[in-house]
Every structure is written in structure tokens, then in C-alpha cells.
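Going line by line, the protein sequences match chains A and B.
So for the first sequence, the numbering used here puts the first residue at 1; every next one is plus one.
So for the second sequence, the numbering used here puts the first residue at 1; every next one is plus one.
Think of the hints as simulated: they come from the structure by calculation, not from any bench.
Take these hints with a grain of salt, some might be off.
In this list, chains with the same sequence are indistinguishable; a pair is considered to hold if it fits within one copy or across any two.
Under the rule of at most 25 Å between Cα atoms (straight-line distance), these lysine to any residue pairs were calculated in the SDA-like manner [what the hints assert, rightly or not]:
| # | residue 1 | residue 2 |
| --- | --- | --- |
| 1 | Lys265 | Leu420 |
| 2 | Lys213 | Leu160 |
| 3 | Lys185 | Gly124 |
| 4 | Lys265 | Leu189 |
| 5 | Lys83 | Asn3 |
Protein chains: 2
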Amino acid sequence: MLNIDIAKRVYDRTWKLDPIVRSLLDTDFYKLLMLQPIHARNQSVRTRFSVINRTRSVNLASIIDEAELRDQLDHARTLRFTKRELIWLAGNTFYGRRHIFRPDFLTWLESFRLPDYELRIENGDYVLEFDAPWAEATMWEVPALAIINELKSRAATRALGRFELDILYARAKAKLWSKIERLKKLPGLRISDFGTRRRHGFIWQSWCVEAMKEGLGSAFVGTSNVLLAMNNDLESIGTNAHELPMVYAALAGADDKALRASPYKVLEMWKDFYDGNLLIVLPDTFGTAAFLERAPDWVSDWTGMRPDSKPILPAGEEIIAWYRARGRDPRDKLIIFSDGLDIDSIETAHKAFAGRIRISYGWGTNLTNDFRNCASRPNPLLDPISLVCKITEVDGMPAVKLSDNLAKATGDPAAIERYLRVFGQEGRSEQAVAV
Amino acid sequence: MLNIDIAKRVYDRTWKLDPIVRSLLDTDFYKLLMLQPIHARNQSVRTRFSVINRTRSVNLASIIDEAELRDQLDHARTLRFTKRELIWLAGNTFYGRRHIFRPDFLTWLESFRLPDYELRIENGDYVLEFDAPWAEATMWEVPALAIINELKSRAATRALGRFELDILYARAKAKLWSKIERLKKLPGLRISDFGTRRRHGFIWQSWCVEAMKEGLGSAFVGTSNVLLAMNNDLESIGTNAHELPMVYAALAGADDKALRASPYKVLEMWKDFYDGNLLIVLPDTFGTAAFLERAPDWVSDWTGMRPDSKPILPAGEEIIAWYRARGRDPRDKLIIFSDGLDIDSIETAHKAFAGRIRISYGWGTNLTNDFRNCASRPNPLLDPISLVCKITEVDGMPAVKLSDNLAKATGDPAAIERYLRVFGQEGRSEQAVAV
Numbered sequence: 001m002l003n004i005d006i007a008k009r010v011y012d013r014t015w016k017l018d019p020i021v022r023s024l025l026d027t028d029f030y031k032l033l034m035l036q037p038i039h040a041r042n043q044s045v046r047t048r049f050s051v052i053n054r055t056r057s058v059n060l061a062s063i064i065d066e067a068e069l070r071d072q073l074d075h076a077r078t079l080r081f082t083k084r085e086l087i088w089l090a091g092n093t094f095y096g097r098r099h100i101f102r103p104d105f106l107t108w109l110e111s112f113r114l115p116d117y118e119l120r121i122e123n124g125d126y127v128l129e130f131d132a133p134w135a136e137a138t139m140w141e142v143p144a145l146a147i148i149n150e151l152k153s154r155a156a157t158r159a160l161g162r163f164e165l166d167i168l169y170a171r172a173k174a175k176l177w178s179k180i181e182r183l184k185k186l187p188g189l190r191i192s193d194f195g196t197r198r199r200h201g202f203i204w205q206s207w208c209v210e211a212m213k214e215g216l217g218s219a220f221v222g223t224s225n226v227l228l229a230m231n232n233d234l235e236s237i238g239t240n241a242h243e244l245p246m247v248y249a250a251l252a253g254a255d256d257k258a259l260r261a262s263p264y265k266v267l268e269m270w271k272d273f274y275d276g277n278l279l280i281v282l283p284d285t286f287g288t289a290a291f292l293e294r295a296p297d298w299v300s301d302w303t304g305m306r307p308d309s310k311p312i313l314p315a316g317e318e319i320i321a322w323y324r325a326r327g328r329d330p331r332d333k334l335i336i337f338s339d340g341l342d343i344d345s346i347e348t349a350h351k352a353f354a355g356r357i358r359i360s361y362g363w364g365t366n367l368t369n370d371f372r373n374c375a376s377r378p379n380p381l382l383d384p385i386s387l388v389c390k391i392t393e394v395d396g397m398p399a400v401k402l403s404d405n406l407a408k409a410t411g412d413p414a415a416i417e418r419y420l421r422v423f424g425q426e427g428r429s430e431q432a433v434a435v
Numbered sequence: 001m002l003n004i005d006i007a008k009r010v011y012d013r014t015w016k017l018d019p020i021v022r023s024l025l026d027t028d029f030y031k032l033l034m035l036q037p038i039h040a041r042n043q044s045v046r047t048r049f050s051v052i053n054r055t056r057s058v059n060l061a062s063i064i065d066e067a068e069l070r071d072q073l074d075h076a077r078t079l080r081f082t083k084r085e086l087i088w089l090a091g092n093t094f095y096g097r098r099h100i101f102r103p104d105f106l107t108w109l110e111s112f113r114l115p116d117y118e119l120r121i122e123n124g125d126y127v128l129e130f131d132a133p134w135a136e137a138t139m140w141e142v143p144a145l146a147i148i149n150e151l152k153s154r155a156a157t158r159a160l161g162r163f164e165l166d167i168l169y170a171r172a173k174a175k176l177w178s179k180i181e182r183l184k185k186l187p188g189l190r191i192s193d194f195g196t197r198r199r200h201g202f203i204w205q206s207w208c209v210e211a212m213k214e215g216l217g218s219a220f221v222g223t224s225n226v227l228l229a230m231n232n233d234l235e236s237i238g239t240n241a242h243e244l245p246m247v248y249a250a251l252a253g254a255d256d257k258a259l260r261a262s263p264y265k266v267l268e269m270w271k272d273f274y275d276g277n278l279l280i281v282l283p284d285t286f287g288t289a290a291f292l293e294r295a296p297d298w299v300s301d302w303t304g305m306r307p308d309s310k311p312i313l314p315a316g317e318e319i320i321a322w323y324r325a326r327g328r329d330p331r332d333k334l335i336i337f338s339d340g341l342d343i344d345s346i347e348t349a350h351k352a353f354a355g356r357i358r359i360s361y362g363w364g365t366n367l368t369n370d371f372r373n374c375a376s377r378p379n380p381l382l383d384p385i386s387l388v389c390k391i392t393e394v395d396g397m398p399a400v401k402l403s404d405n406l407a408k409a410t411g412d413p414a415a416i417e418r419y420l421r422v423f424g425q426e427g428r429s430e431q432a433v434a435v
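Produce the complete structure using the sequences and hints provided.
Dropping the structure here:
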């Protein structure tokens with residue numbers, strides 16, 4: 001019995017909850033970067049965020065117990081930024097720049113908490129929504145997704161024996177390490193972890209991040225997860241997301257011209273707010289082709305672009321061609337691939353574009369949630385699902401995302417139709433969304 | 001700090017030795033089965049056992065620290081059979097038979113300890129020998145091999161970081177599990193663990209045995225390791241080894257006729273001692289062809305044979321043909337393959353012989369020490385070596401083993417020549433010994 005920590009064993013048995021999200025920093029860095037201007041400039045905007053499960057074959061209500069889900073969401077609402085976390089945000093350098101977070105914002109963060117949620121069952125599955133001021137509701141996106149995905153993983157692993165679990169994780173580790181060994185061979189690689197929202201679980205993501213750090217060294221440039229960046233002395237990665245242009249578009253109201261101009265208005269705001277730093281363009285919110293065609297010339301002066309819904313090869317070629325057409329040398333520009341990457345597509349992209357444009361990869365689901373062929377018995381519940389948490393209403397108006405892939409479009413059908421008319425159909429396709 | 005068992009951490013730091021062999025039951029079952037008649041009938045025979053490293057490319061003296069080796073050997077000499085262990089030996093059923101170990105033998109075991117060893121460096125490598133009464137020296141074979149192999153593994157893993165070790169064992173687990181999944185597909189499989197002497201380490205062997213039990217269920221019939229059989233409620237597997245005919249041959253002295261008859265004299269002793277149980281023939285000590293040709297008819301009434309030094313397919317065909325020639329139906333007989341097996345050769349043997357003869361597999365090195373392609377960086381020290389501990393002297397006379405593969409022959413050259421003359425060259429070849 002000397003090997004057993006009796007106090008620990010007794011304490012473990014008294015656990016009521018094994019919390020999934022244990023820190024408000026357990027989120028993507030871009031949420032904080034977006035939160036700061038939202039807090040400063042759009043305090044009055046009210047938004048609704050909705051969790052959307054694009055994988056229709058998976059019924060979450062039959063997999064995840066409602067009480068467990070509520071317990072996890074409730075626990076997340078008890079979290080506050082800790083003193084140590086705020087000191088780290090204030091004192092750290094992000095993208096080489098000090099004091100990126102301003103004192104008034106950090107002071108406001110001290111009392112930040114996640115707003116209330118709405119959870120109900122409709123048509124046999126969960127509806128989970130967050131109706132609150134934008135600067136509050138927006139912070140639910142990542143923890144809500146992480147909680148649902150990890151509860152699903154717990155359901156998938158609940159029936160497994162001690163040994164099956166051992167094999168499962170041994171195989172998953174071996175699998176990721178084989179991918180890392182392939183990544184090592186790519187010259188000039190720059191890759192980061194974007195896998196928080198779709199992760200199998202927090203501890204697993206932590207392992208994956210440590211594996212990437214160990215295996216790739218400086219080629220692993222960081223993680224979008226702020227908590228893991230802090231814990232592992234890594235760079236926090238990410239800049240902005242679709243919700244900014246979606247809100248600005250919704251706020252443009254019924255005026256088609258204002259709607260068409262809104263994506264550039266967002267960029268002007270961003271550049272102004274961050275004094276010309278963090279200049280990454282997300283071109284696909286309403287379709288990349290239209291966005292690029294109508295872009296003012298100063299957009300081509302930005303650092304680079306993150307295509308997010310077009311197959312990698314056409315996405316890269318389109319952006320390279322555009323920079324050339326605008327008289328810029330693509331080799332001075334950065335492209336960030338982050339849509340459904342896995343080792344094969346990373347290799348393909350590297351082969352196609354290395355040396356033609358600077359490249360960075362934001363690797364998500366297939367980094368932090370790839371358990372295919374790892375279970376001893378078939379276990380489809382371990383497969384990742386395409387779960388998103390999207391802004392659906394802005395001050396009572398519908399919020400829309402079109403993207404380059406209509407399968408990824410979100411919003412009210414009438415509003416989608418109007419946006420398609422305003423932004424055009426050019427360069428859009430429809431492709432199955434895997435993850 | 002509440003997560004840390006302070007007493008344990010402080011205690012761990014005070015460790016002088018992490019003993020490799022911690023129980024006298026951490027040995028092969030056949031050693032105990034042979035020990036009983038040796039103790040009963042050959043108390044006066046004095047033997048020398050010698051550790052022989054057949055893998056000449058590996059210099060153990062440069063890998064293993066002499067003080068560490070002595071510490072481990074000294075620790076093994078402090079071991080006694082515990083009360084619980086002796087009760088288990090006395091009360092358990094082996095091969096379906098109760099009380100296989102007799103009271104006088106068990107009483108003698110109470111005070112058993114391993115005899116002294118001789119360790120020196122000659123020609124740049126270790127010479128490790130055990131010169132003692134047969135019933136004492138024989139018990140060094142398995143612990144001596146297990147100790148050297150695990151010290152070699154420790155040397156191989158010493159420079160690895162926490163993460164490299166994690167990957168190493170994850171990959172090795174995934175690798176073994178893939179083999180187990182292939183084994184599952186073999187109808188009527190009966191396989192056991194014979195991997196104690198060549199194991200990577202004790203804990204790893206324990207994991208492998210648990211994996212086989214979990215993955216194969218009743219197709220995993222047991223383990224040769226008595227301690228693991230006890231700990232995991234498995235059958236103890238094994239009957240007898242080459243040392244019996246080797247000693248009986250040496251004791252035959254200068255008389256060629258007596259030498260030629262000695263292999264059958266051993267079998268008579270065995271059958272008599274165990275009342276017609278445990279009737280497995282090891283035919284290859286001095287060459288299978290000669291052994292079979294000269295075998296008295298009653299040998300074909302035994303349960304089966306364990307070929308140990310011929311390629312599987314000719315070995316199986318030879319035995320099947322011999323049973324037929326002696327008018328026995330091979331389907332009533334058992335063949336136990338145990339020489340350098342791995343998943344491919346097990347599948348090959350099963351395909352060739354299932355339904356033609358009863359088959360059992362004793363899987364050794366490639367079950368408990370297969371780390372090929374598992375390390376993140378090339379680590380040849382992880383490769384298993386062909387290390388044996390053979391009887392080399394019997395009452396001052398040389399002991400000889402010829403086997404069907406001259407690369408496996410051991411003994412004084414002049415004596416080998418005489419044995420070859422007496423037993424003949426028939427059916428012998430020379431093949432590289434992998435493990």
C-alpha cells in the first residue's frame with residue numbers, strides 16, 4: 001500500500017466533475033485579438049452565436065447527456081481570467097510586438113465572464129445558442145465547441161477497457177509521430193496548431209502540441225491555443241476570423257453598396273486599431289474571387305492572406321496570380337493554409353508553393369483529433385465531426401457567411417440569396433466538408 | 001503540490017538499485033520441471049553454465065557497466081522462494097495435473113538460492129559462468145539472460161528524453177497489437193509467451209503478456225514465465241530443454257554406444273519421473289534426423305515434439321512424415337514451434353500445418369523484444385541479440401549441443417567432432433541465427 005497515495009485516491013473518488021475547460025485562456029488567440037476592438041468599438045452590438053453540427057449523421061443529443069453538457073457549460077461560466085494569465089497577456093510579446101493588449105482592455109478582462117447560454121432540444125438534437133453583447137457571446141465559440149467535442153470523445157471511450165484505451169492512445173501517438181516525421185522533411189516548414197475547437201480532448205491536444213514542439217523544433221511556430229502557448233512557452237498564433245466581416249456586413253443594413261464595401265471597412269478598422277500590425281486578410285467570407293477583384297490596392301500591401309474554404313491548389317494559385325496582377329512579388333507575401341489540412345495536403349501544398357510565396361500552415365482537426373484506425377474495435381464516435389459555432393444574428397438581423405464552398409455557407413436562406421446577388425457567384429463551388 | 005505523493009518522490013530518490021529479477025519465479029517453467037528430477041536423481045553432478053553472446057557485433061562489456069551487472073547478479077542471489085510462491089507451486093494444477101511438485105522438492109526449494117557466479121573480462125568482453133551443482137547452476141540460465149538483456153535495454157534508452165521514450169513505447173505497443181490482430185485471424189490458434197530470457201525488460205514483458213491475454217483470449221494458452229503466470233492467472237508453459245540430453249550425453253563418457261543411446265535414456269527418465277505426463281520430445285539436441293531414425297517405437301507414443309533449430313516447414317514435414325512412418329496419425333500429435341518465431345512465420349506455419357497436426361507456438365524474442373523501427377532516431381542497441389546460457393561442462397567433461405543448425409552448436413571443438421561422428425551429419429545445415 002506504500003505505492004498508493006491514499007489521500008489522492010479518496011479525493012479522486014469524490015470528484016463531481018472533470019471540467020473540460022479550466023481557463024478562459026483555453027481559447028484561440030484570434031478571439032482575444034478580435035475581442036479587443038469589439039470591446040473598444042462595438043460595445044452596443046448584440047449578437048447571437050449558434051452551434052451548428054454540419055455532420056448530420058451524428059445526433060449529439062443521443063450521445064451526450066444533457067445534464068453533463070450543462071455542468072460543463074456552467075463550469076465554464078464560473079471561470080475568470082486569473083491574475084497570472086492577465087500578467088502574461090500584458091507582459092508578453094505577440095508577433096514581435098509588446099503591449100498589444102491595452103490597459104483598459106485588460107482591466108475589463110478582469111471581470112469578464114462567459115454570458116448565459118440557451119440549450120434546448122429541437123427536431124431531436126441540441127440547439128445551443130448564445131445571445132449576448134458581441135464582446136461576450138463571441139468568447140463562447142471555442143469553449144462551446146471544445147466541450148461538445150470532448151464530451152463526444154468521452155462517450156466514445158466510456159465503454160473501452162483499460163487495455164483498449166492503452167492501445168488507442170499508443171496508436172494515435174504513433175500515428176501523429178509518423179506525420180511529424182514526414183513534416184520534418186519539408187524544407188522551410190512553418191506550421192502551428194489550430195486544433196483547439198475540434199480536439200479529441202484537452203490533454204490530448206496538450207500532448208499533440210508537445211509532440212510538435214519536440215519533433216519539429218523551430219518549424220513548429222506556435223499554437224492558436226493561448227493557454228497552451230503560455231504553458232509551453234510557444235507563440236500564440238492567429239489574427240482574425242469570419243465573424244468580423246459577418247458583423248460588419250450585417251450592420252451595413254439594406255444598402256447593397258454598403259454591404260459590398262463592408263469587407264474592406266473591416267480591414268480598415270483592423271489596420272487602424274492595431275497600428276498596421278497583424279495584417280492578415282481572410283478573403284473568403286463572401287467569396288474570394290469577388291473580394292480580390294474589388295479590393296482596393298492597399299489590400300495588396302498587407303502581410304498576406306488566409307484562404308479558408310477553397311481547395312489548396314486553386315486557392316494558392318488565385319492569390320499568387322492576384323498579387324502579381326497587382327504588381328506585388330508573391331515571394332514577399334504570406335499565405336496561411338488552415339482548411340482541413342492533413343499530412344498529404346500539407347506536402348502537396350509545400351511542393352506546389354514553396355519558393356513561390358511564403359507559406360504557413362494552421363493545422364487543426366487532423367492534428368488534434370485523428371483517431372482513424374486507432375481503436376481495437378470499430379468506433380465511429382471517435383471520428384471528428386464538422387461542428388462550428390457561428391454568428392447568426394447581429395442586432396436582430398441575420399448574419400451570413402458564404403465562403404468559397406457553399407457547403408460551408410451559414411445564414412438565413414433569404415439573406416444568403418441577397419448576399420449571393422450582391423457579391424456574385426464567381427469562383428464558388430460546393431464540396432463535402434470533411435472536418 | 002497536492003497532486004504529488006511527497007513520501008514516494010523522496011523515497012524514489014533514495015533508490016540504490018532498480019532490481020531486474022525480483023522473484024525466483026521470474027524464470028521459465030521448464031527450469032522448475034527439470035529441476036525436480038535433477039534434484040531427485042542427479043544431486044552429485046557438477047556443471048558449468050556459460051553465457052554465450054552469439055551476436056559478435058555487440059560488445060556487452062562496452063555497453064553494460066560491470067558494477068551494475070554485479071549489483072543485479074548479487075541482488076538475484078539474495079532472492080528466496082516466498083511462502084506465497086511455494087504455496088502456489090504446491091496448490092496449483094499444471095497441465096491439468098495436481099501436485100506435480102512433490103513435498104520433498106518444495107521443502108528443498110524453501111532454502112534454495114542461486115549459487116555464486118564468475119564474472120571476468122576476456123578478449124574484451126564479459127565471461128559470465130556458473131560452476132555449481134547442476135540443481136543450482138541450472139537456475140541461473142533465465143535470470144542471467146534477463147538481467148543482461150535488460151541492462152542492455154537500459155543502456156539503449158538512457159540517453160532518450162521523456163518524449164522519445166513515450167513515442168518508443170507507443171510505437172512498440174501499436175506494433176505488437178497489429179501482430180495480435182493478425183494472430184486473431186488464425187483459426188484454432190494456440191500460442192504462448194516464451195520471451196522471458198530475451199525480453200526488453202520485465203515490465204515490458206508483463207505488458208506484452210497482458211496484451212496477448214486481452215487480445216487473444218483463450219487462444220493465448222499461457223506463458224513460460226512462472227511469475228507472470230501466477231500474477232495473471234495464466235497457465236505455466238514448457239516441459240524440458242536441451243540441458244537434459246546434454247548432461248546425459250556427457251555422463252555417457254567415452255563409450256560411443258552409450259552416447260548414442262543417451263537421448264532416449266533421458267526420455268525414459270522423464271517419463272518415469274513424471275508418471276507418463278509432460279511427454280514432449282525435444283528431438284534436435286544432436287540432430288533431429290538421427291534422433292528420429294534411431295528412436296525406439298515408444299517415442300512415437302509421446303504427446304508431441306518441439307523442433308527448435310530447423311526452418312519451420314522442413315521441421316514440420318519431417319515430424320509429420322516420421323509419425324506416419326511409425327504408423328501414428330499426426331493429427332493426434334502435437335508440434336510446438338518455438339524457434340525464432342514472428343508473425344509471418346506463425347502465419348506460414350499455420351497455413352502449412354493446421355489440420356495436419358496439432359500445433360502450438362512458443363513465441364519468444366519477437367513477442368517481448370521487438371522495437372525495430374520504433375525509436376525516433378536509429379538505436380541499434382535496441383535490437384535483440386542472440387544471447388544464450390548453455391551448459392558447457394559436466395563433471396569436468398565438455399557438454400555439447402549440435403542442433404540442426406551448426407550455427408547453434410555449442411561445446412569444445414574436439415567434442416563436437418566426436419558427437420558429429422557418433423550422431424551423424426544427416427539433415428544438418430548452417431543458418432544465421434537472428435535471435
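A quick look at each hint next to the structure:
1. Lys265 / Leu420: within (19 Å within a copy, 95 Å between copies)
2. Lys213 / Leu160: So Lys213 and Leu160 pass the 25 Å test across copies only (16 Å; inside, 30 Å).
3. Lys185 / Gly124: Cα proximity of Lys185 and Gly124: none, with 47 Å in one copy and 41 Å across.
4. Lys265 / Leu189: Answer is neither; intra-copy 33 Å and inter-copy 71 Å both fail.
5. Lys83 / Asn3: between (36 Å within a copy, 22 Å between copies)
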